[in-house]
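S.K.: The residues making up each chain are set out below.
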Amino acid sequence: MQLAVNIAVLAAIYALVSCGYVLIYRTSRVLNLAHGELMMLGAYGLFTTASLFAGYPLLAIATSALLALIVGVLVYVLLMRHMAGEAVLAAVLTTIALGILLRGTIILFWTAQAQHPIRALGLTNQSIAIGDAKISAVGLTLIVVTACVYAGLYAFLRYTAWGIRMRAAGQNPLLAAQRGIGLHRIYALAWGLATFTAGLAGMLVACDSALDQTMATIGLKAFPAALVGGLDSLLGALLGSLIVSASEVLIIYYVDPLLSEVVPFIVLLAMLVVRPWGLLGTREELDRV
Amino acid sequence: MTPPLLRVEKLEVVYHHVITAVQGISLEVPEGSIVALLGTNGAGKTTTLRAISGFLGVDDARVTEGSIEYRGHRIENLPPHRITSRGITLVPERSKVFENLTVVENIEAVVPRPGADARKLAEAVWEYFPVLARLRDREAGYLSGGERQMLAIGSALACAPELLLVDELSQGLAPLIVEELLHRLQAIRKDLGMTLLLVEQNAAVALDVADYAYVMENGRIVLDGTPEKLRSHQDIREFYLGTGAGSGARRSYRDVKQYRRSRRWYG
Chain A
1 MQLAVNIAVL AAIYALVSCG YVLIYRTSRV LNLAHGELMM LGAYGLFTTA
51 SLFAGYPLLA IATSALLALI VGVLVYVLLM RHMAGEAVLA AVLTTIALGI
101 LLRGTIILFW TAQAQHPIRA LGLTNQSIAI GDAKISAVGL TLIVVTACVY
151 AGLYAFLRYT AWGIRMRAAG QNPLLAAQRG IGLHRIYALA WGLATFTAGL
201 AGMLVACDSA LDQTMATIGL KAFPAALVGG LDSLLGALLG SLIVSASEVL
251 IIYYVDPLLS EVVPFIVLLA MLVVRPWGLL GTREELDRV
Chain B
1 MTPPLLRVEK LEVVYHHVIT AVQGISLEVP EGSIVALLGT NGAGKTTTLR
51 AISGFLGVDD ARVTEGSIEY RGHRIENLPP HRITSRGITL VPERSKVFEN
101 LTVVENIEAV VPRPGADARK LAEAVWEYFP VLARLRDREA GYLSGGERQM
151 LAIGSALACA PELLLVDELS QGLAPLIVEE LLHRLQAIRK DLGMTLLLVE
201 QNAAVALDVA DYAYVMENGR IVLDGTPEKL RSHQDIREFY LGTGAGSGAR
251 RSYRDVKQYR RSRRWYG
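So the sequences go chain by chain: A and B. Going letter by letter, the first sequence gives residues 1 to 289 in the working numbering. Going letter by letter, the second sequence gives residues 1 to 267 in the working numbering.
Derived by calculation from the structure, the hints in this document are not laboratory data. Treat the hints loosely; a few may be bogus.
Reference listing, derived: stretches of chain A covered by chain B, where coverage requires no fewer than 3 residues with Cβ under 8 angstroms from a Cβ of chain B [said to hold, decoys possible]:
1) 96-110
2) 155-166
A few chain B residues facing chain A, derived, Cβ under 10 angstroms [what the hints assert, rightly or not]:
3) R62
4) T64
5) V97
6) V111
7) M194
Glycine included, every Cβ here is placed at the ideal spot set by N, Cα and C.
Input sequences plus hints: build the corresponding full structure.
M.R.: Take a look at the structure:
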């Protein structure tokens, strides 16, 4: 039972992070390898707003979530926009450089010491008993938030005009522009949403445990989850997150806890050998990368 | 005299800094008319359309000379979605629809010209193409060629264009369907007060509906006039309509001697 709870919480983390990879990839065909660092930035953002608005935890959370959205839009407008029309590889390399830059800058501003944003917020992380298993309050929140984010994204992409335009632009950018859709606006929106969800994940994970430089690794471990599902499918990302987290938790429990950092990438390699376009991905999409 | 809706002046387009695809063409599209641009593969028709709709950048092509004026304003340096929002919409020749979106989503995805009523436009599309209304929830990738072309026209109409550019309407479609589509376009144009610029290899089809036509070869306009005038022109009859004197049957382009002779004339 405890194992199932652990899998669910870890899957929620991976799913919340990996939907950002999927959003950006399926809209603009760019792999955002700075996603983990942007997630970490969101968590440090919460740490700062928590001390700014001491005593108003909700205000602090809302502000840092909004900041994450703005940072995402800015990353696109100031940086990625200029990669339009260049080779996809150039854009991906840019995100790698951005990631390294962010990591360095974060140490400069916040030091490399482990922080505890939940204490700064003035909240405590109680554990709740479900049968004979225990789940932390933040862990439960993570699952609820992930469910809401996925439901929201699904409704946005399926039923709103801008969501449909985002799918259209991802499929055929030329035709989309001919139909009056401003591609820069769409891409900026995708980056904003992706960084927003990554920020949420970063904040929640930081509240559940602690916040330091290793958080970017969680972002990187969510990448296999996105890829196992097939990069351009949200449902795939959800499924991939479940597979990766289940294998990680089970191997930690039955084999060796030290393997936890390795498992997602073993799953990734196995998947790439057997079915490189992922479980639910479109085969032809990956040929273009 | 009122200025034409679209005026292309001495337009020159160069690909990759070296290949000149369009060599100083001039043409006019008066408001409310149907103008056809005819020519064979590689004549520069599609390049001209791309220049008008703002799509040269993707192929590393540039307008190096001349101008494109729409309602008296230069548009040759605008990005494509701005050109659409000014009222010029292209029905492209390939990849005409968003294949993984449903029919209705294809219509909903477009951003109509500012001031246009999106809902009313969508209703009009269903009215003009009842077949599409029946297939609303089908993924566009599963439509037949004719249905796809209808959807392409429909989603272009949903942009509320004043000038509709149609690239190779007849390509890959059965002659009966082409005829039906053209006549429907004619009716729609009358209802909505649109202007049409048709680009066609199939001269017979285009001359049936056009008010005026230009013929392109090797990046230049070599002939222009009313359909009556062009139909009676010896070379048009031979090379485009296949009704040349004596032969009866359509002549082949492999008839090199004839073809070269005409090339020399128009050079």
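S.K.: Which of the listed hints are not met by the structure?
M.R.: 1, 3, 4 and 7
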